[in-house]
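The listed protein sequences derive, respectively, from chains A and B. Anchor point for the first sequence: position 428 equals 428 in the numbering used here, and the numbering is continuous, going up by one each time. Counting from 1 along the second sequence, just add 1000 to a position and that's the residue number in the numbering used here.
No lab work stands behind these hints, which were simulated from the structure alone. Predicted model, so just to flag it, every value in this text is computed and none were measured. Mixed in with the good hints there might be a few duds.
Stated by the list, open to error - The list that follows gives simulated cross-link-like pairs (lysine-lysine, BS3-like), each with its CA atoms no further than 25 angstroms apart:
| # | chain 1 | residue 1 | chain 2 | residue 2 |
| --- | --- | --- | --- | --- |
| 1 | A | LYS526 | B | LYS1131 |
| 2 | A | LYS165 | B | LYS1131 |
| 3 | A | LYS364 | B | LYS1285 |
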Amino acid sequence: MEAIKTLLGKFETEYVEDYKKIWIKAKLVSSDDLTQVAEALKAEGLRSLSTVSPTDFPDTDTIEMNYFFEDLETKRNLWLKCDIPREIQMCEIDSLTPIFPSAQWHEREAFSMFGVKFRNHPDLRPIIISEDYVGKAPYRRDFDWLEHEKDVVKHVQTIVDAFKKEQETNEINLDTDSSETVLNWGPTHPASGPIRLRIHTDGEEIIHIDPDIGYVWRALEHLVTQKDFVGAIVAVERLCFMDNINSMVGYCMAVEEIAGTEITEFAKWMRVLLGETARISSHFMGMGGFFNNLGLHTMGMWNMDMREYFLDFLESYSGARIATASIEPGGVRYGLDMAMLDELQKALDKFDGGIDDVEMIFEKNPTMRIRAREVGILSAEDVHTYGLSGIMARGSGVKTDIRLDEPYAAYDQVEMEYITTSDGTAADRFTMLFRELKQSVKILKQAKKRIEEGVASGEFAPTKDHMVKVPKKLPAGEAISRVEWARGEVLMHLVTEEKAKSPYRLKMRAPSFNHTMMLNMLLEGKTLSDVPLVMGSLYVCQGDLDR
Amino acid sequence: METVIQAFVFPGLLYVLLWTVGLFWFFRKFMAPLHKRVGPYFNGPHGSYQTLFDLSKLLTKESITPKGVNPYLFSIMPLLAVITVMLPAAFIPWTESTPVVHTEYGLLALIVLIGIEPFLLFLTGFGSDNKYSFLGGIRVLSQAISMETAFFLAALSPALLFGTLNLEVIVEKSSWSSFAVLIPGFILYFIALLGLLEQPPFNIPDAEQEIVYGFYTEYSGTNYFMLKLAEFVEFMAVFAGVATLFMGAYKGILWDGYSWFFLKMMFVAVVMMTIRAATPRITLKQMLRFSWRYLVPISLLNVAWVMLAKNLFFAGA
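Work the whole structure out from these sequences, hints included.
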């Protein structure tokens, strides 16, 4: 950490301070120094750029850019800020994409949402937003959403016209005698989910893939600013509702940090319990989805059978099976009735009874291995360069897990270790999913035992200890929190104003965004049959891709 | 009079339709417990009326014909496909008294009529004005050419063993010992059959997750019903081929008759379904490699083995 501070000492900074155990927070005076600082940081070892997040301050006429640099090996992280003028003509900054390739789509997003222009960006096109929002910077504080929505018919027509024009011209430069064509592996495709891939193929061989995302754009980051701090959890949980708990935990941790409240031990263990249940539910779906893309639906059905019991537990706890809205700033939303843990035990018994069959038939399935061992290969270097996290990172041998690197909730008391595989193929990532599933069940059993012991000994009062009061109006401040979500690393950046009832700005960094950036690199030169396989092994969810 | 009954009832139109309905239901009901679910349940005892309802629903749906298609290829091919694939039913000896057509070249007719099917399906894919249909059609062509070579070689081995192409004579002469000799041919025929019928692991032309629905993509309503009918009648023709050539058709333990034929066809269906529930699909390149590097050479070796066995064991016959 000292090395980073000395490095920053060479540039003009407003402040450099320690923030939590493994972060340094710093602000540059001039945005022109950014590229030099970035190059120095990369040479120092901070090779991953997690995300790029602008915050709009119309009062001071500035946009504050936030950059989050991470070193996955030695666990040193830097939160770097700098200001740029807010006026559209002068809203420019140097692009970091030539130095950190993972910044490419994040800068496109900042461009689309806030109107920040990045000099030297290789491909600065709008992303996520639909045609009718292009050029309007919808996340700025002075954008009037209601006014924009009055003209719905005209906006729909804009979108349709743009699509038709693209379809007419996308094959213009291709040779009509060759077998090259541009396919829409598109939203109305049985295996794609709500994403469109423009695949330029030569027969069945892929030449180039360009993902077109934004079909599930709900502007969650804006929606959060319209709700109060508790109501915002329903927007946060819809990052991807399969694993809704862990994203809520991230948001609530940021709120609690600004408010200065400390939650109870019982609430921490409950967060671990619920978080691992949600992770298991998400992994079951992910494994089933991987095999569905290979044409074998049996695994999906078997997984659903086991998953239903875990969802029964969530239903008995919160009333909802999938989007549970059960983590609130201050703890967990509902008290625990010990009978609910019996439901959980039923699920664990069902899991223990069925998982060996699943392993024998599907995880060791020779046909799947033949297909998945050759494609989707990511090296450890790629993990650092493109800012990958979660299964993708650990599948290539990089030991990074936020539950161990920066423990939150009760994870500092949980016995767990890094699980990695070394080759980084699609088959390895499937194996990772499987092993993580088993690890989650072990953690779940630990949490359940701890809670039962705590309640029996009187340490926890399950119906009273679950919540502490958090004030409705928070002081001005900002905080970041990271959680190990089912699909990777979720970083939440929360900014609050003095005595406001809603968040001022919430940035949710989604892992699937970085993962989908890799598609072109992974699939160039492969065949069409590999597209669903690689998409399935990347474990993306279009919900958090688009937010 | 008898010809009319044979053409329309058994083994003609009604028989073929009943067979399609029954097989469709059987596939769904058998796969269900392998998937830990129930399958058709509400309509009729164990859901057996479900297929009738599904098929009649398909017949009443609108047959949408997209604008840019080739009208002959798009609309006439499904009909041609159904007719072509119903013809082998006339050559197969279902019981001792049939087949409908007595001929010296029954086996040849069977193979040719079964083998021509994929080419008609390719033309349907070619005629739809859709990139995905075209890709599906090309895949059907590649797969059919590779798998049919092995299929023909394996299907011809009984003919070599017994020295005749006449299906009735083959059935008459088959016995337990000839079955033992033909076991490699049986296995090869089964694997090639998976490829020809586009069943997992070779369901490449029908790859929902890759190319939408292959050459079926633009079809709906009656057209789609025709194509599906062709697919299921082809199942029947190929299974009947297995039973006739390798397993001795209607011959059985204790008594001979049609029921044994039915049981043998069901056995093949059951094995096929079990493989379907446990195997993902392989890619086109891997299938081509498998077929030309392993399947066809082994089929040729099988032909050599059958000739050897004929001279050693059946020299007198």
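Results of checking the hints against the structure:
1. A distance of roughly 18 angstroms separates the Cα atoms of LYS526 (chain A) and LYS1131 (chain B); the hinted pair therefore holds under the 25 angstroms criterion.
2. For the suggested pair LYS165 (chain A) and LYS1131 (chain B), the alpha carbons sit about 19 angstroms apart, so the restraint of at most 25 angstroms is met.
3. A C-alpha spacing of about 22 angstroms is found between LYS364 (chain A) and LYS1285 (chain B), which places the hinted pair at or below 25 angstroms, so the restraint holds.
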